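We have chain C already, so just place chain F on it with the hints.
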Amino acid sequence: MKIDVQSLGTFNQLAHEGAEQATRSMAQMTGIDAEVDVTKISLVDRADIGEELGDSEFVGVQFEFEGALSGDTVLVFDRDSTDEIVNALMPGAAEDPSMAQSSVEEIGNIMMSGFIDGWADYLGAGIEHTPPEYIERSGADVLPEAPDTGETDQVFVFRSEIEWLDQSVNFFIYMLPEYEPMTEMMSEHAAAGDDAIPIEKLEAFNRMTRKGTEKAAENVEMMAGIETEAEVSQISFAPIEDVPKQVGNDTYVGTVVEFTGAPSGYLLVLFDETSAINVAEALMPMETDGDGLTDQHKAAIEELGNIMTSGFVDGWANVLQQTVEHTPPRLVHDMGRAIIDPLAAQLGQHQQHAFIIDSKMKTDEVAFESTIHALPNEEELREALDELLVERAEETEADAEQIF
Amino acid sequence: MKVYDGSSQTEQTQDADPERIKVGIAEYEVTTDGAVLTTSGLGSCIGIALYDTETGTAGLVHVMLPSADEVEDGNAAKFADTGTELLVEEMSEAGADPNSIEAKIAGGSDMLDFSESGSGIGDRNVSQVRETLEEYGIPIVGEDVGGDHGRSLRLESNTGDLVVKSANTDNTRL
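From first to last, the protein sequence lines stand for chains C and F.
As numbered in numbering that gives the first Met the number 0, residues 0 to 403 make up the first sequence, in order.
As numbered in numbering that gives the first Met the number 0, residues 0 to 173 make up the second sequence, in order.
Isolated chain C, as found in the complex (with noise of 0.2 Å):
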């Protein structure tokens, strides 16, 4: 089955349209501005979903929809920031924990329907969905089970993240489709064009990607001793504009490669500031010269960048079977999105969605945490993936295990 990049930008196009309808309803309801910041489709382990939350505490609702699409959606709060929803729509409500649910209930009915009748609309085709129900949990758990996709571990996921402009809170709009009416209907969409990527190519690139990051966490754990586990991986696809603001805006220190070859793009690995001071001091043996991100730590996150970045882009080689090379590592040391901004500037020049490839890593030894991003070529990247499918004609199911 094959999508092609068209249609993922048209699908990443409808779930921003619909989140913006959801917000817009919230809006009217509640007199709370609020905005889109950043809608993407992503291609996900199902066992990674729903990690950006944390630990933080969520209330929402949770619908299941069948028709056209099936599976389920949720809309999920910051608990802490309930109070003030639920205040605005009947003053006094938050007090009291049954009104306060069935604010939740029935904003979340009203910004949802929203969501899923754009959805309807653009197919054309019916979409039904069940009553609300109200959901409240922590973290991950709060988004409903990934659906089985049978035969692969990877599941699409349209995410919305939502902001108050006055607050930093935010609430999510989840949508997890069943992956087989959905790449069905992905790969109908798709113009019969040259730009098509066969979907189990672009599983095997993540699961590639998986492997690219536990070799970096070894790395890490050979330079500094530290026990490091790879999290996350997951490729996500969206418009060039969106692509900085898969960054935080606070500072980050790291490092960027320009890599050439098929296919040629940035990889950025990045630390928090906390995490470069903490993981710096475990590779120095000696004592540093003064607090906070000195020269010395600069050089040992200079230095482990490095490591990190071969570690990545050999996994890659490998599998595409093809030299990855990169320059030597740019030391960052600034906010993280003006850190990825020029990159994204620089692919934009070509192309207008871009895929983006974000690997975490972290460990429970010390307050360490590190994402590597990479943004491939888009064109080159569906030619090596073509590439890929030529030279192992005979492996076209991309089973991860032989390539690997």
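In short, the hints are calculated from the structure, not lab data.
Just so we're clear, the structure is a prediction, and the values are computed from it rather than from any experiment.
Careful, some of the hints might be misleading.
In silico BS3-like cross-links for lysine-lysine, where the CA-CA straight-line distance does not exceed 30 Å [what the hints assert, rightly or not]:
1. Lys200(C) - Lys297(C)
2. Lys361(C) - Lys297(C)
3. Lys359(C) - Lys200(C)
4. Lys297(C) - Lys359(C)
5. Lys164(F) - Lys214(C)
6. Lys164(F) - Lys200(C)
7. Lys297(C) - Lys164(F)
8. Lys359(C) - Lys1(C)
9. Lys200(C) - Lys361(C)
With the C-beta cut set under 8 Å, the calculated list includes, among others, these residues of chain F facing chain C [stated by the list, open to error]:
10. Val70
11. Gly159
12. Val162
13. Ala166
For glycine and all other residues, C-beta sits at the position ideal for the given N, C-alpha and C.
Same frame as chain C, now just chain F:
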């Protein structure tokens, strides 16, 4: 994109603090009621802040690439040339007089530019903004461009002040 004219405000604006409006990448906002317009994480991107000294109308656009001619894309606010034009037009529509508009610009850093030949996107963004503003006869009265660091902006539209924040240095007020 919306024009904020004060008629459709939420209860929050009853507070003493002016309303804060975020401007994302490849987006713009115009205000006529003293709201604070902010945008964050400018690397090679550039923020163009326009302020009409007569009417107090203010606008901010966050552009990513130099020219709409180079890429096929319908979003005018993504490019330095069409983004600047769009902002001037929207401000005029909101009551601003192009003859009393002044510009302040920030961003266009050349951090992480891997291009080996020619000038980087940051530089080209800055040149394009200058060129387009000149076509409209709009003077640049303050700027903080280039260098190799990121910036976040805050346009205080009751005064026209543009506050530029960087990760590693103090704020600059233009």
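A quick look at each hint next to the structure:
At roughly 37 Å between alpha-carbon atoms, Lys200(C) and Lys297(C) are farther apart than 30 Å, so this suggested pair is violated. Taken as a hint, the Lys361(C) and Lys297(C) pair is honoured in the structure, with Cα atoms around 19 Å apart against an allowance of 30 Å. For the given pair, Lys359(C) sits about 22 Å from Lys200(C) by alpha-carbon distance, which is consistent with the 30 Å threshold. Taking the CA atoms of Lys297(C) and Lys359(C), the gap is about 20 Å. The hint holds against a cut of 30 Å.
A hinted pair counts as satisfied when its Cα atoms are at most 30 Å apart, and Lys164(F) with Lys214(C) does not qualify at roughly 37 Å. For the given pair, Lys164(F) sits about 43 Å from Lys200(C) by alpha-carbon distance, which is inconsistent with the 30 Å threshold. For the suggested pair Lys297(C) and Lys164(F), the alpha carbons sit about 22 Å apart, so the restraint of at most 30 Å is met. Under the criterion of a C-alpha separation no larger than 30 Å, the hint pairing Lys359(C) with Lys1(C) is consistent with the structure, at around 28 Å.
Between Lys200(C) and Lys361(C) the alpha-carbon distance is near 27 Å, which keeps this suggested pair within the 30 Å criterion. A hinted interface residue such as Val70(F) counts as satisfied when its beta carbon comes closer than 8 Å to some beta carbon of chain C; here the least separation is about 7 Å, so the hint holds. For Gly159(F), the suggested interface contact is broken, since its CB lies about 21 Å from the closest CB of chain C, more than 8 Å. For Val162(F), the shortest C-beta to C-beta distance to chain C is roughly 15 Å, which exceeds 8 Å, and the interface hint is violated.
Nearest Cβ of chain C to the Cβ of Ala166(F): about 5 Å, under the 8 Å cut. The hint holds.
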